[in-house]
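There are 2 protein chains.
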Amino acid sequence: MRKLRLQELNRLSTEDFRLSAKLPFVAVLDNIRSMHNVGSFFRTADAFRCEKLLLCGITAQPPHRDITKTALGADRSVAWDYFTDTGNAVRALKQDGYYVIGVEQTTQSQPLQQFVMPNQPIAVIFGNEIDGIQSEVLELCNACIEIPQAGTKHSLNVSVAAGIVLWHFCAPHLSSLP
Amino acid sequence: MRKLRLQELNRLSTEDFRLSAKLPFVAVLDNIRSMHNVGSFFRTADAFRCEKLLLCGITAQPPHRDITKTALGADRSVAWDYFTDTGNAVRALKQDGYYVIGVEQTTQSQPLQQFVMPNQPIAVIFGNEIDGIQSEVLELCNACIEIPQAGTKHSLNVSVAAGIVLWHFCAPHLSSLP
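Residue numbers (our numbering), protein chains in the order written: chain A, -7 to 170; chain B, -7 to 170.
None of these hints come from the bench; they were simulated from the model.
Any given hint could be a false lead.
Stated by the list, open to error - Using 27 Å as the maximum straight-line C-alpha spacing, the simulated BS3-like pairs for lysine-lysine come out as follows:
| no. | chain 1 | residue 1 | chain 2 | residue 2 |
| --- | --- | --- | --- | --- |
| 1 | B | K61 | B | K14 |
| 2 | A | K(-5) | B | K14 |
| 3 | B | K61 | A | K61 |
| 4 | B | K(-5) | A | K86 |
| 5 | B | K61 | B | K(-5) |
What the hints assert, rightly or not - What follows is a set of in silico ranges between Cβ atoms, one per label pair, in the way DEER data are often shown:
| no. | chain 1 | residue 1 | chain 2 | residue 2 | range |
| --- | --- | --- | --- | --- | --- |
| 6 | B | A135 | A | M109 | 26 to 34 Å |
| 7 | A | D73 | B | L(-2) | 31 to 39 Å |
| 8 | A | T99 | B | E131 | 32 to 40 Å |
| 9 | A | Q(-1) | B | L1 | 40 to 48 Å |
| 10 | B | L(-2) | A | Q87 | 32 to 40 Å |
| 11 | B | Q102 | A | L169 | 15 to 23 Å |
| 12 | B | N134 | A | A13 | 30 to 38 Å |
| 13 | A | M109 | B | S168 | 18 to 26 Å |
For glycine and all other residues, C-beta sits at the position ideal for the given N, C-alpha and C.
Bound-form chain A, shown alone (with noise of 0.2 Å):
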């Protein structure tokens, strides 16, 4: 067994991934704080061809070089908006017929694994490192999801969590794009 050269992956050139079709996924991510984590976002979104991201409030925007350090160039192939409230973005989504998952460990949030996905483009919500998401907006959303955790912490890292949870939405859709 030996590891796969880069051409050997078929991966897409960035003009190839502008044009090429998406999953019905959109992030939002409300007042991110770290450009790791921005970063890391486009990557995770790249990999599994996100349609979007929607960066809100304080959460920074490209071009910059810390974000292009964790994204790797991610940050030129996938799309994104910036809205400075996170409350008109999802104001926003739900107009244009999204139905808005909020990731947050609420009163009401179901398990990752037992959520039933409904059959509408999703938007996901990912809060603040500190803070999660806002009140205001955990308000708009249609539901709420958290990761099921067994730990001592609280959470996991915002990077993580976004890739598990876009993982769970997108991987049984992945081998249906064209």
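Put chain B on the given structure of chain A with help from the hints.
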């Protein structure tokens, strides 16, 4: 719907975590360069109640400020050992009855979601951020898995990959923990 307070999450204390039943999953870090990534492994292994981390080669060991910063203290809950040579760590795991899985895109790797878990303790190897798993370590693996990807980049961030793989393996068993 409101966010849960830390007390409502029923997290374990560090002392209780150490004494608690663990899931039979060991993560092997083969020359992980970034302390941020090492810290993230601790935080993820804590959340999914993994048995142990094996830090190998150039992988930094706690206590270190930069590991603790990302681990948020999970470097005190999760058990770990250090091996100078990753091959020696893997040979010791196999002697102890572990089935050893490399996370790497190889000529024989299986997609994560198709991998059928054997009924024995599992060790999962994650490789260096640039070079992946060393070839001589790959040769010792019982199997390789890969996370299917449909973007422009070679791979996911290793912390994100670890989150996805450990989630995929551990999630079905978390509810059975005493």
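Going through the hints against the structure:
In summary, the hint linking K61(B) to K14(B) is supported, as the alpha carbons are separated by about 24 Å, within the 27 Å threshold. The suggested pairing of K(-5)(A) with K14(B) is violated, with an alpha-carbon distance near 32 Å, which exceeds 27 Å. For the hint linking K61(B) to K61(A), the alpha-carbon distance of about 20 Å falls within 27 Å, and the restraint holds. At roughly 22 Å between alpha-carbon atoms, K(-5)(B) and K86(A) fall within 27 Å of each other, so this suggested pair holds.
For the hint linking K61(B) to K(-5)(B), the alpha-carbon distance of about 24 Å falls within 27 Å, and the restraint holds. Distance hint for A135(B) and M109(A): a CB-CB separation of about 30 Å, consistent with the stated range 26 to 34 Å. Taking the beta carbon of each, D73(A) and L(-2)(B) are about 33 Å apart, inside 31 to 39 Å as hinted. For the pair T99(A) and E131(B), the beta carbons lie near 51 Å from each other, so the given range of 32 to 40 Å is not met.
For the pair Q(-1)(A) and L1(B), the supplied restraint of 40 to 48 Å holds, since their beta-carbon distance comes to about 46 Å. In this structure the supplied range 32 to 40 Å holds for L(-2)(B) paired with Q87(A), their Cβ-Cβ distance being about 35 Å. Distance hint check for Q102(B) and L169(A): the Cβ-Cβ separation is about 19 Å, which falls inside the suggested range of 15 to 23 Å. For N134(B) and A13(A), the Cβ-Cβ distance of about 36 Å falls inside the hinted range of 30 to 38 Å, so the restraint holds.
For the pair M109(A) and S168(B), the beta carbons lie near 25 Å from each other, so the given range of 18 to 26 Å is met.
In terms of the numbered hints stated before, the structure departs from hints 2 and 8, listed from lowest to highest.
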